[in-house]
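Assemble the whole structure, with the sequences as input and the hints as a guide.
Chains as they are written, first to last, in the working numbering: chain A, 1 to 402; chain B, 1001 to 1434; chain C, 2001 to 2233.
Incorrect hints may appear among the rest.
Stated by the list, open to error - With a cut-off of at most 30 Å between alpha-carbon atoms, the simulated DSS-like pairs for lysine-lysine come out as follows:
#	chain 1	residue 1	chain 2	residue 2
1	B	1332	A	309
2	B	1229	B	1295
3	B	1332	C	2114
4	C	2084	C	2208
5	C	2079	B	1346
6	A	43	A	261
7	C	2079	C	2114
8	C	2119	B	1332
9	C	2084	B	1332
Hints are computed from structural coordinates only; laboratory data are not their basis.
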Amino acid sequence: MEIGPILRALARNKLGVMLIALQIAFTMTVMVNAVFIIIERSKAMARPSGLDEPNTFYLSSTGFGDQFNPEVTERDDLELLRNTPGIIDVAPTNAIPVSGSGSSDGLRLDDDPTLPAIPAAVYYSDEHAVNTMDLKLIAGENFSSNDVLYQRPSDRRGYTKAVVSLALAEVLFPEEGQSAVGRTFYNDSYPVQISGIVETLQTPWPTSSFTEQAMIVPLHFISATSTYLIRTEPGERDRLMVETEEVLATNNPNRIIRGLKSMDETREESYRLDSAMATILFTVIATLVFITSMGIVGLAVFGINRRRKQIGTRRALGATQVEILRHFMIENFFISGVGVSLGAVFTIGFSIMLSSLFESPTMDWYYTPVGMAILIVIGQVAVLGPSARAAQIQPAIATRSI
Amino acid sequence: MFYYYLRLSALSYRRNPILSSLMVFAIAIGVGAYMVIFTLNYVMGGNPIPQKSAELFHVQIDSGNPNTQDDPPPQLTYLDARALIEANSAFRETPTSKMSGILEPEGDDVRPFSIVGRGSSADFFPMFNVPFLYGTPWDGSADRNLQQVVVITKELNERLYGGNDSTGKTLRLHGYSFQITGVLDDWSPVPKFYDVNNNAFEGSEEVFIPWNLITSLEFPRNGNTSCWKAPEPGPDGFLNSECVWVQYWVELRDSDEEADYLQFLNNYAAQQKEFGRLPREMNNGLFDVEEWLLKQEVLPNETKILSALAAMLLAVCLLNTIGLLLSKFLGKSGEIGVRQALGAHKGSLFLQHVIEAGFIGLLGGLLGLVVAAAGLEGIKILLGEDLMRTDWIQLNPTVVAVTLLLAVFATIAAGFYPIWRACNINPAIHLKTQ
Amino acid sequence: MLDMKNIRKVFRTDLVETCALDDFSLTVDQGEFVTITGPSGCGKTTFLNIAGLLETHTSGQYLLDGVDVSELRDYARAKLRNQKIGFIFQSFNLMPDLNLFDNIDVPLRYRGMKSRERKERVDKALDSVGLFARRKHVPAQLSGGQQQRVAIARALVGDPLFLLADEPTGNLDSHTAMGVMALLEEINDSGTTIIMVTHDQSLAEQSKRNIHILDGRISTESTRRSEEAATVA
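Structure follows, in structure tokens:
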């Protein structure tokens, strides 16, 4: 195999080599980093919130005027909804997972403001929350209706129990995790005991650093606005969304119903930027691969045309068609080799820069070598056509004197 | 000679249509894609009020948790906001916060509906150059006297009053009667610099009322509230707490006024410290619009990442162009030799081919505008219109100019080496004499 | 008009040709018609390139119209070529995608001439070779002989000091070749100096003055008036 002469010839044509190699290097950098970002975002988008999303929706009721009685309204609404055929359960709440808006507190292991605070989302609800959210209780127990307090927003929070997500339990009590039932933590200066632990419950903020740390507390605020989270039997959601809104809007003239939305829609909206980003990245990758392939084909054709007489001469001297084909494939392999080596450096550098600037996770080690292999294959496929045509060049060209 | 060279460029294109079109195509894609990201960065990271952004400052008072090291809160407490507005030390100033409420339209045919509004002082409107379609902002005395006055947006005016002049009419909001003093014209700055706490790219609120009414009439708050210490229980607990939920902007006309106001803030903070508040080390500040947007990191990381990737895409397209230009110009060595024999010096030949490169660049730029427009439309569709304002996602005159200039100059730059190679040859060799 | 003394040209690059001119001296006066002959390639080509300011000489002196060209940089050489020399190439070297008018127009463009004067001159040049009617045609639509006439018109359009022809009839059949030679004679009769490189012996014998180059030097110089051949050592 004529590796030596091929390499020496390439070394004499550094510009041509670098033109292709740099294109390959940049394409690889963009491709590998973009694929990594896409995969990371897809993983994030696929994380479960803990809820039975396809069958869950929510709406809010806001009262107005002097005739409006928030407590009575809510009590009646909940009774009506819970007894509606097709609705499995309803929970009043202040916030909805994944929705982007809600409430969070900093928890501590003791009543000592100098201790570090562990952030957690708080869902103010009643004993129906666990069932409505279809959460899996893996330790301890849910609250009973006696535990639920009714307060005004200006009252001091009086709850003493909480149902927490496993992730939150593990952050609060790392050694115990699941068996942290009965342990006490502090919210501001008052103690709260973990009465139950659920396997998964996300916060309302899917991209926050503490997105798996959430808790439900048996406290209910009396205010003009109430939000109801509703879980339905499979297949009943769409019908019930329309019906409940109508029923509630018409049975009480002193309030309006707004913000009717399904969990599916909520998830789609909250992750829309991520999915837009993934689409954009995918387009950029495809475009780059296309352009680089065209570039490789173009320069290969140019180089081969320039050397037509040479190729004919080789054939006249006894080279077979396969050997001509192989010659150009090897040449391209080395050029791609330079390209992916450069590309590896750029890729890793760029990835480190991204993860340090934006505090995002670093790329796994295997992304780079896979990227290198893919680009070498792309290069070889691109140059296959021109090389095959080069192999067709007639030996007779050698003697023609043009 | 310029038009002569331009004609030669067109002829040269015709002679190698495939090669030349490939070049135009590659440039169009690289420049077009880059300009899509450029537009996003330009608007999202841009200055929404350049005429006076250097005179508008967001106030920072560090009322944060003494036990942690996090950044000073980006908003003020109610106590601090009240104290500042009552001191009235700036040329113009406004506390401002989002609120929501139920609007009961006149008549029984339209059901009440919920709106998101904003509380501010009368100064808000002249400070931020907010344009009025009808009427005027309320008078400063209305802020002090807790007058129930309101300014509504053009869209709300269309919805309620068919777009007619509704100044003087009464609006029922949150159970109270408000008198409309003015209707805004189209106004929705991008980014929404005056309140970046929720979504810096959402549309504007629908009604504006005097800020003091938020608390006096107990409107539900609708922005971001953050408390490092739980409020004391009781009715005034929240208002006296360290919870921050107020944005505070001042207008200071020159550096003297700026220095004076900062001094005032520091004096105020020192005084509060004596009362036992503001436990952290003194860290008050004034940030003008651009500084504030930068500090609050309003430009999303995604656009920064995409900038880098788009730059690499452009680089690949230009490398491609260099290769194609090499092929093209090296193939013209015969013609170049003849022209030299006929008296063209290297400068003329260089100029001729720079113009040819520029010509191709211009064609690439024009096609690139099409690519950019399509890309921007695509992004608009991907983002959807419900989450944020997207009407600014389109080509604007600056972007068009930059696209064309970028395409022309990038292609000329890419062509430098190929042109130099082609023009520096020994004419004798390529004339094939004997 | 053209005065070369002891010209030496050495090639130091890795070109295939390694031939050179060595102690080459030649004077050509206004109005002469000189043919240069010699074995294939080598000295003839080098002489042509140096005379035409397409290459620089290593040592010796070349005065063109009294100007010493060795001092000149590319800009000045280009200007001289444009104003004083008219090239005629063996393979015509017309620009394939310009029409006849535009082809002849090229050297005048480099002179910065205004468009009215250019048009006058080009039309006159086309007329003088009898191709005015076809001025909008492209070279591909012309026969070899016609193309060479256009090339000659292009060479003459700027009123050069002399024409430098490189094997002008080499790509033409004998009949057309005669026509072109006749045209060149006519041009010379009207006062234009012509230096023609050829390896066609018959043409050389017919010319008024013939220089024979061998191994980079003049080996024979013969003028038609005198029957003797003087050998220069």
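Quick rundown of the hints versus the structure:
1. A distance of roughly 20 Å separates the Cα atoms of residue 1332 of chain B and residue 309 of chain A; the hinted pair therefore holds under the 30 Å criterion.
2. The straight-line distance between the Cα atoms of residue 1229 of chain B and residue 1295 of chain B is roughly 24 Å, inside the 30 Å bound, and the hint therefore holds.
3. The suggested pairing of residue 1332 of chain B with residue 2114 of chain C holds, with an alpha-carbon distance near 27 Å, which does not exceed 30 Å.
4. For the given pair, residue 2084 of chain C sits about 22 Å from residue 2208 of chain C by alpha-carbon distance, which is consistent with the 30 Å threshold.
5. Of the supplied pair hints, the one linking residue 2079 of chain C and residue 1346 of chain B holds, its CA atoms being roughly 11 Å apart against a limit of 30 Å.
6. Between the alpha carbons of residue 43 of chain A and residue 261 of chain A the distance comes to roughly 24 Å, so the proposed pair stays at or under 30 Å and holds.
7. Between the alpha carbons of residue 2079 of chain C and residue 2114 of chain C the distance comes to roughly 17 Å, so the proposed pair stays at or under 30 Å and holds.
8. Only pairs whose Cα atoms come within 30 Å are accepted, and residue 2119 of chain C paired with residue 1332 of chain B is accepted, the gap being roughly 27 Å.
9. Taken as a hint, the residue 2084 of chain C and residue 1332 of chain B pair is honoured in the structure, with Cα atoms around 25 Å apart against an allowance of 30 Å.
Comparing the model with each numbered hint stated earlier shows that all of them hold.
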